[in-house]
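If you want the building blocks of each chain, they are given just below.
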Amino acid sequence: MAEGGAHSPLEQFEIKGLFPARDHGDIGMLDFTNSSLMMVTTLVLISAFLILGMRRGALVPGRMQSLAEMSYEFIAGLISDTVGAEGRRYFPIVFTLFMFVLFGNLLGMLPYSFTFTSHIIVTFALAMIVFTGVTVLAIAKHGMHFFSFFVPPGAPIAMWPLLIPIEVISYLSRPISLSVRLFANMLAGHTLLKVIAGFIGLLGVFGILPFALVVALTGLEILIAFLQAYVFAILTCLYINDALHLH
Amino acid sequence: MPQLDPAVWPTQLFWLALTFIALYLVVWRVALPRIADVLEARQRKLDDDLKKATALKEEAEIILAEYEKMRADAQASAHQELQATHDALKQEAARETQVLADKLSAQTDEAEARIAAAKTAALASLEGTVSEVVVAATEKLIGVKAGGEEVARVVGDVMGSKR
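Going line by line, the protein sequences match chains A and B.
In terms of our numbering, the first sequence is residues -18 to 228.
In terms of our numbering, the second sequence is residues 254 to 416.
Quick caveat, the hints were computed from the structure, so don't treat them as lab data.
Mixed in with the good hints there might be a few duds.
Computed cross-link-like contacts, SDA-like style, restricted to lysine to any residue with a CA-CA straight-line distance of at most 20 Å [unchecked claim]:
{"#": "1", "chain 1": "A", "residue 1": "122", "chain 2": "A", "residue 2": "152"}
{"#": "2", "chain 1": "A", "residue 1": "175", "chain 2": "B", "residue 2": "305"}
{"#": "3", "chain 1": "B", "residue 1": "298", "chain 2": "A", "residue 2": "39"}
{"#": "4", "chain 1": "B", "residue 1": "298", "chain 2": "A", "residue 2": "37"}
{"#": "5", "chain 1": "B", "residue 1": "298", "chain 2": "A", "residue 2": "41"}
{"#": "6", "chain 1": "A", "residue 1": "-3", "chain 2": "B", "residue 2": "255"}
{"#": "7", "chain 1": "B", "residue 1": "305", "chain 2": "A", "residue 2": "40"}
{"#": "8", "chain 1": "A", "residue 1": "-3", "chain 2": "B", "residue 2": "260"}
From chain A, some residues computed to sit far from chain B (all C-beta separations above 10 Å) [said to hold, decoys possible]:
{"#": "9", "residue": "14"}
{"#": "10", "residue": "73"}
{"#": "11", "residue": "112"}
{"#": "12", "residue": "120"}
{"#": "13", "residue": "142"}
{"#": "14", "residue": "193"}
Ideal Cβ placement from N, Cα and C applies to all residues, glycine included.
With the hints as extra help, turn the sequences into a complete structure.
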């Protein structure tokens, strides 16, 4: 934690090479960084959560098994609500995205850890997976008819020159809004926590006030961690639904 | 802002791709089928148990219906038997009453016959006595010794007429 105002609240977002230990700036592509560590931890934790939780496969589930089943049924319900029965095929990718973002957000809430979802390049890459996947799916399913997606149904032809560019831009901005939403939420939350935490030491006895605020905001950030993973998953489902049904 | 430094992008993209693809494979190939199996097995078990419970319920209803039928049959046959016994007893009572009545009327007839005979005998002996009284009275009063046969005839006539 920052002692006084000496450190920038953005310092927590620095990428630091661990193996080999390097400052940022000359970090190679294959370097194992603090970000890589959290990604691998996320992978291991989710795998353990799902596989060890379901190890016994009991008819009457225990605590971990209930949680694993709950996450399964949560995403299954999300897909059947937004896409319907044909959305079953895309269950693994939506589930993976949800769990990856959720665990990434939650692990970032641990002190001294790193939030890889607070990096725009990561969220943008995840959003591009969704965007390209959905676009390929739509073209594969509808062929050239896919481009009718950019014409609002029932719009008079005179309006097309105006509407089509708007629709195209709105479609192309999907990965940007999807990635920036998650990135900005994480960035703002963690920065805010850091800034307010910086006041604790400065105010002496009255540091209790920012301390209480940090505690409350930590609760809020955990909520946001869930919420943003949920938003990411539900938007993915809506995009899949658009790709399958166009309008 | 460290996020906007393109120098740290390649490593993040590389590790993201590595971990995300690995996670996707684990989720797709291992975790989700396992959860789906368990949920399906549970659903099947629930359906089976429900089906079994329904079958048992139907069986119980059949048994209940059989029991009700048997009970109704038993009640009907008991009622019938009761009625038959009642009728038989009534008949028996009527028969015995008839026998008794017959016997009583026979005895009455016999008694009446005996009374009539006794009366006849009494009257006959009375005639004899009256004739003797008449003969004795006639002799005592008027000194005429009346003939027995005539007195008897007259007495007989008088008494016969009164009879």
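Among all the numbered hints in the text so far, which are the ones the structure does not match?
2, 9, 10
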